[in-house]
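Fit chain B to the known structure of chain A by using the hints.
2 protein chains.
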Amino acid sequence: MKEDIFINIIKESLPESAKYIGDDTAYIPEKDLILTQDTMIEDVHFRTSTITPYFLGRKSIAINLSDIAAAGGVPEYILISLSMPKNIGEDFIKEFYKGVNSICKEYKTLVVGGDLTGAEKITVSVCAVGSGKGLTPANRRSANPGDVVVVTGNCGSSGAGLHILESKAKIPDETSTKFIQSHINPVPRIKEGRKILQTAITPAMMDTSDGLADALYKICLSSNVSMEVDFDEIPYDSDINLIVQNENTVQNLVLFGGEDYELIATIPEKAYEKLKQEIFIKKIGIVKPAENEPFAYINFKTRQKIRLDEEILGSSPGLFKHFE
Amino acid sequence: MKEDIFINIIKESLPESAKYIGDDTAYIPEKDLILTQDTMIEDVHFRTSTITPYFLGRKSIAINLSDIAAAGGVPEYILISLSMPKNIGEDFIKEFYKGVNSICKEYKTLVVGGDLTGAEKITVSVCAVGSGKGLTPANRRSANPGDVVVVTGNCGSSGAGLHILESKAKIPDETSTKFIQSHINPVPRIKEGRKILQTAITPAMMDTSDGLADALYKICLSSNVSMEVDFDEIPYDSDINLIVQNENTVQNLVLFGGEDYELIATIPEKAYEKLKQEIFIKKIGIVKPAENEPFAYINFKTRQKIRLDEEILGSSPGLFKHFE
Chain A
-14 MKEDIFINII KESLPESAKY IGDDTAYIPE KDLILTQDTM IEDVHFRTST
36 ITPYFLGRKS IAINLSDIAA AGGVPEYILI SLSMPKNIGE DFIKEFYKGV
86 NSICKEYKTL VVGGDLTGAE KITVSVCAVG SGKGLTPANR RSANPGDVVV
136 VTGNCGSSGA GLHILESKAK IPDETSTKFI QSHINPVPRI KEGRKILQTA
186 ITPAMMDTSD GLADALYKIC LSSNVSMEVD FDEIPYDSDI NLIVQNENTV
236 QNLVLFGGED YELIATIPEK AYEKLKQEIF IKKIGIVKPA ENEPFAYINF
286 KTRQKIRLDE EILGSSPGLF KHFE
Chain B
-14 MKEDIFINII KESLPESAKY IGDDTAYIPE KDLILTQDTM IEDVHFRTST
36 ITPYFLGRKS IAINLSDIAA AGGVPEYILI SLSMPKNIGE DFIKEFYKGV
86 NSICKEYKTL VVGGDLTGAE KITVSVCAVG SGKGLTPANR RSANPGDVVV
136 VTGNCGSSGA GLHILESKAK IPDETSTKFI QSHINPVPRI KEGRKILQTA
186 ITPAMMDTSD GLADALYKIC LSSNVSMEVD FDEIPYDSDI NLIVQNENTV
236 QNLVLFGGED YELIATIPEK AYEKLKQEIF IKKIGIVKPA ENEPFAYINF
286 KTRQKIRLDE EILGSSPGLF KHFE
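Protein sequence lines, in the order shown, are assigned to chains A and B.
In this text, residue positions in the first sequence follow our numbering: the first is -14, and each later residue adds one.
In this text, residue positions in the second sequence follow our numbering: the first is -14, and each later residue adds one.
Treat the hints with care, since some could be wrong.
The list makes no distinction among identical chains, and a pair is therefore deemed to hold if it is satisfied within one copy or across any two copies.
[As the list claims (entries may be wrong)] With a cut-off of at most 25 Å between alpha-carbon atoms, the simulated DSS-like pairs for lysine-lysine come out as follows:
#1 255 / 268
#2 93 / 155
#3 83 / 106
#4 118 / 261
#5 163 / -4
#6 90 / -4
#7 90 / 163
#8 16 / 176
#9 -4 / 83
#10 -4 / 93
#11 -4 / 106
#12 71 / -4
#13 79 / 4
#14 290 / 255
The hints are simulated quantities; they were obtained by calculation from the structure and are not laboratory data.
Only chain A is shown next, with the shape it has when bound in the complex (with noise of 0.2 Å):
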């Protein structure tokens, strides 16, 4: 698999490092910082006759708060990095920089630096800097059996969303344009982020960045446990039925669709039963013990149950999808 190949390369050649790589944040104690940083490029991650330069904005410095989120940290400083076509002109960088106050400025969080440089596609890179303010963050390692398994909000919209950009389908106006809004605005789930690493202490946590089953399949397998996940529990906007008709693709949304940016957490029982009175927060399965098989299970009310391993999550999840 490319991903573990390439993951092993880069651990050992940067021996040192090896201990930082795995999660989507990196967190030094010492300085109580917690960084992360992602790139955007042009037809890999998005085309821009389906994203405005504005949202273009906005969602490049989402994706990297919702990485702070899923470490329960507080964002504090933004790095960006823009390159860009010689052909690109004023209004573009005007609208990406506006896209990029407002979300910024509901998010507390400042722009500090970055730099402007030429590219033949446009490719955004965005560093940023977060505190656990006096908390350790969250990682993928600290699931324990016991412990519930919860999602912050609905899953598969924003993939509909991206399947209404791509094939075009004729759908009713404001169902379009709410799917659409899921793609292209996403929602870093900051608050919900931190009030479960406050109530919960040491909670596993992750986003859905690349899907609700990439999430539980990292989190079983990097804490070494089970999961048990009842796909009635998950939560998903029920007017998916209205973009896509076939069940299972339905299905396949809601598991895999990726980029929702909605947190995956395990959490005990009682640290769950105080969250609900908080945030939106819904209980979708149990952790288990690992029994030498760390997978979650997916059980649907045909009694069909599905085992997310790496077969059926691809030959190449998470990361590093881009590459297939």
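Quick look at chain B alone, frame taken from chain A:
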């Protein structure tokens, strides 16, 4: 001028960030953080035909360390976002990170994160995190009349190396190797930058990533001072005359070549006398009051004199030259 227009747009779009925009690094005093980010894109900033993956790894880190050096800071952490085409093999990744590891070890800097994704062109975006360790970092705005202008090493060598690589000129092997090394394996002047900051207290400082002339021009403009610089005092490797025969071309390489990653600083005469005992540093001119003309002048022994203004630096100098 495209550069000015773009920077003004960014400042207007991000009013709270305006005070951070203009230096190559951002400084967060509350956390003693020095932050910088630079992106290198295949066929814009480098060609795979002229740099090996190992040296690409080194250089992508070196150019960011050089920004920390120009602040007089101490580098501590690195994030690397590497994007590349599908057909890139394991060997590339192995060699690239081997290069990254070698330079990070030399400068006691730790890679703590990043991401890996697909792209049509190899794209490396690096974020470096440093510290002032109790000292306020240097910037471009602190040059004072009476200061001397100093440089930490040879100018034009990197440009000469690029010239050899691109022209395939027939040069004696040893000479050729020396200049090519300057281009593909630049040395970030961390030690020198730190010493200058410690000794001169508030130097103006920049690296020569965009050329000696560009650094002089920007310090004059930002500090509202003028400079008199003697061309004959500027250190350069005289073997450069074996690469290009025409004297004007030599002068162009020395003044405008770029990518040498030496430091330019303005410091009190006393600090210069002390520093030259400890590091390689060469006085090339003096700082004068601007008197409404905040430009550097280069004096040649022919009594010719050139003024480094917008016109001579081209329509898009510096950071933005890659747009042209």
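Here is how each hint holds up against the structure:
no., hint, result
1, 255 / 268, "within (12 Å within a copy, 69 Å between copies)"
2, 93 / 155, "neither (39 Å within a copy, 57 Å between copies)"
3, 83 / 106, "within (21 Å within a copy, 28 Å between copies)"
4, 118 / 261, "within (23 Å within a copy, 44 Å between copies)"
5, 163 / -4, "neither (41 Å within a copy, 33 Å between copies)"
6, 90 / -4, "between (37 Å within a copy, 15 Å between copies)"
7, 90 / 163, "within (23 Å within a copy, 50 Å between copies)"
8, 16 / 176, "both (22 Å within a copy, 23 Å between copies)"
9, -4 / 83, "between (38 Å within a copy, 11 Å between copies)"
10, -4 / 93, "between (35 Å within a copy, 17 Å between copies)"
11, -4 / 106, "between (30 Å within a copy, 24 Å between copies)"
12, 71 / -4, "between (37 Å within a copy, 21 Å between copies)"
13, 79 / 4, "between (40 Å within a copy, 18 Å between copies)"
14, 290 / 255, "neither (28 Å within a copy, 78 Å between copies)"
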